[in-house]
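So the protein sequences, as listed, match chains A and B.
One point on numbering: in the UniProt record's numbering, the residue at position 105 of the first sequence is 105, and numbering is uninterrupted.
One point on numbering: in the UniProt record's numbering, the residue at position 104 of the second sequence is 104, and numbering is uninterrupted.
A few of these clues could be false.
[As the list claims (entries may be wrong)] Listed below are the simulated DSS-like cross-link pairs for lysine-lysine, each with C-alpha atoms no more than 27 Å apart in a straight line:
#: 1; chain 1: A; residue 1: K87; chain 2: A; residue 2: K55
#: 2; chain 1: B; residue 1: K101; chain 2: A; residue 2: K87
#: 3; chain 1: A; residue 1: K79; chain 2: B; residue 2: K52
#: 4; chain 1: A; residue 1: K55; chain 2: A; residue 2: K18
#: 5; chain 1: A; residue 1: K87; chain 2: B; residue 2: K156
[As the list claims (entries may be wrong)] For the chain A half of the interface with chain B, some residues (derived, Cβ under 7 Å), not all of them:
#: 6; residue: E19
#: 7; residue: A20
#: 8; residue: L46
#: 9; residue: S49
#: 10; residue: K55
#: 11; residue: V58
#: 12; residue: Y62
#: 13; residue: E86
#: 14; residue: K87
#: 15; residue: S89
#: 16; residue: E91
#: 17; residue: A92
#: 18; residue: S99
#: 19; residue: F101
#: 20; residue: T103
In case anyone wonders, no lab produced these hints; they're calculated from the structure.
Cβ atoms here follow ideal geometry from the backbone N, Cα and C, with glycine treated the same way.
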Amino acid sequence: MSGSSYDKTIQFRAGAEKEAAELLDEIHIGGVNVSELARVGLVEMLRQSLDEQDKIAVYERYSRGEIGEDVARVLLDEKLDRMEEEKESFEAAMERDTSEFLTGSDGE
Amino acid sequence: MASEARYPILADTSSLIAVANTTQWERLKDAIHLTTTNVCKHELQNHVSSNKYPLEGSREHYLKRGSQRVVDHLDEDSSPWSCVTVVPRPHGPDAGEQSLKQELSEHGSSYQIVSILDSAARRSIRRLIDDNGYDIDVVGPPYLLYILLDNDLIEKPEFCEATVRIIQTEGWTGYEVVKNAWTSIPVDCSEILDGEYDDTLPPK
Numbered sequence: 001m002s003g004s005s006y007d008k009t010i011q012f013r014a015g016a017e018k019e020a021a022e023l024l025d026e027i028h029i030g031g032v033n034v035s036e037l038a039r040v041g042l043v044e045m046l047r048q049s050l051d052e053q054d055k056i057a058v059y060e061r062y063s064r065g066e067i068g069e070d071v072a073r074v075l076l077d078e079k080l081d082r083m084e085e086e087k088e089s090f091e092a093a094m095e096r097d098t099s100e101f102l103t104g105s106d107g108e
Numbered sequence: 001m002a003s004e005a006r007y008p009i010l011a012d013t014s015s016l017i018a019v020a021n022t023t024q025w026e027r028l029k030d031a032i033h034l035t036t037t038n039v040c041k042h043e044l045q046n047h048v049s050s051n052k053y054p055l056e057g058s059r060e061h062y063l064k065r066g067s068q069r070v071v072d073h074l075d076e077d078s079s080p081w082s083c084v085t086v087v088p089r090p091h092g093p094d095a096g097e098q099s100l101k102q103e104l105s106e107h108g109s110s111y112q113i114v115s116i117l118d119s120a121a122r123r124s125i126r127r128l129i130d131d132n133g134y135d136i137d138v139v140g141p142p143y144l145l146y147i148l149l150d151n152d153l154i155e156k157p158e159f160c161e162a163t164v165r166i167i168q169t170e171g172w173t174g175y176e177v178v179k180n181a182w183t184s185i186p187v188d189c190s191e192i193l194d195g196e197y198d199d200t201l202p203p204k
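One chain only, chain A, in its complex shape:
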């Protein structure tokens, strides 16, 4: 749950997929790092699988401290930084004298 399970191996039955990876490793000059390929592929697929509601749910769990930043980052990537950027921007805008934006403020 809390991102401490990196030592656990994700296992799945790889038939043609495994063979295809081995084939690529054989024919590609310099070979391919199949583990790296699988890891990157998994991250990509995880992100693609997330719909709008999932993203909201992941961010909520992250803000409540239920999941670590590393896990949230796998799923939300740079969105975490953007959320921080947005927060700073909104806070800066709150510092302004908002009464200046009102129609009543200039005697109308």
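With the hints as your guide, set chain B onto chain A.
Here is chain B on its own, set in the frame of chain A:
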């Protein structure tokens, strides 16, 4: 017809549609001064005319209804909102955003706030502002509602209900801008909104 005056807040098409569809529209439209561009107004008019009878509750219906409200407001004789003409006129799917950039490049010092819904567009406009050294904050549409809250023109429950409406309609995009509004203020909306909004409320 709206004037060509420049008020401190510049808003784009989608940001205006977002607030026009909230429960606080009637109060917001007359309470604040705001500026948009002729290109954004044209986008709003396109939403109004492109689909004659959109299905109630559909995205098209939402766009048409919000756009109609904004266009009507801009067309009022004594409108507190203004519409500035951008030349040359940009075209294409992101013409509204481009028109804001053009306007800011030429009249950046007239503005304090840019309200824009799309997060990628906000980042892009922030870069332009940084490059030009302007003192402008780029925020999502909940800020417009925050102005009402900050000036005691609406109460917390009204702010919460209107902002949650933006999340419901805009998904993650709305969540991104609303969540930050809630986190920053902070306004405890959990007492006000019931359980169905658990996923969109600020953390307890």
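Verification of the supplied hints:
1. At most 27 Å may separate the alpha-carbon atoms for a hinted pair to count; K87(A) and K55(A) meet this at roughly 17 Å.
2. This hinted pair checks out: K101(B) and K87(A) have alpha carbons roughly 22 Å apart, not beyond 27 Å.
3. A C-alpha spacing of about 37 Å is found between K79(A) and K52(B), which places the hinted pair above 27 Å, so the restraint is violated.
4. Of the pairs offered as hints, the one joining K55(A) and K18(A) is violated, with about 31 Å between alpha carbons and a cut-off of 27 Å exceeded.
5. Between K87(A) and K156(B) the CA atoms are separated by roughly 19 Å; this keeps the pair inside 27 Å, and the hint holds.
6. Given hint, E19(A) at the interface with chain B, is violated; its Cβ is 38 Å from that chain's nearest Cβ, farther than 7 Å.
7. A distance limit of 7 Å between C-beta atoms decides the matter here; for A20(A) the minimum to chain B is near 34 Å, and the interface restraint is violated.
8. Interface restraint check: L46(A) against chain B, minimum CB-CB distance 16 Å, threshold 7 Å, status violated.
9. Violation of the interface hint for S49(A) is found here, the shortest Cβ-Cβ separation to chain B being roughly 14 Å, above the 7 Å cut-off.
10. Look at K55(A): its Cβ gets to within about 5 Å of chain B, closer than 7 Å, so that hint holds up.
11. Annotation: V58(A) was flagged as interfacial toward chain B, and the flag is violated, the nearest CB pair being 10 Å apart, outside 7 Å.
12. The closest approach between the C-beta of Y62(A) and any C-beta of chain B is roughly 10 Å, which is over the 7 Å cut-off, so the hint fails.
13. Interface restraint check for E86(A): the shortest CB-CB distance to chain B comes to about 4 Å, inside 7 Å, so the restraint holds.
14. Hint status for K87(A): holds, given a least beta-carbon distance of 5 Å to chain B, under 7 Å.
15. The criterion of a C-beta within 7 Å of any C-beta in chain B is met by S89(A), whose closest approach is roughly 6 Å, and the hint holds.
16. Hint on E91(A) holds. Least Cβ distance to chain B is approximately 5 Å, under the 7 Å limit.
17. Checking A92(A) against chain B by beta carbon gives a least distance of about 5 Å; that is within 7 Å, so the hint holds.
18. About 6 Å separates the beta-carbon of S99(A) from the nearest beta-carbon of chain B, less than 7 Å, and the hint is met.
19. Interface restraint check for F101(A): the shortest CB-CB distance to chain B comes to about 5 Å, inside 7 Å, so the restraint holds.
20. Because the beta carbon of T103(A) sits about 4 Å from the nearest beta carbon in chain B, less than 7 Å, this interface hint is met.
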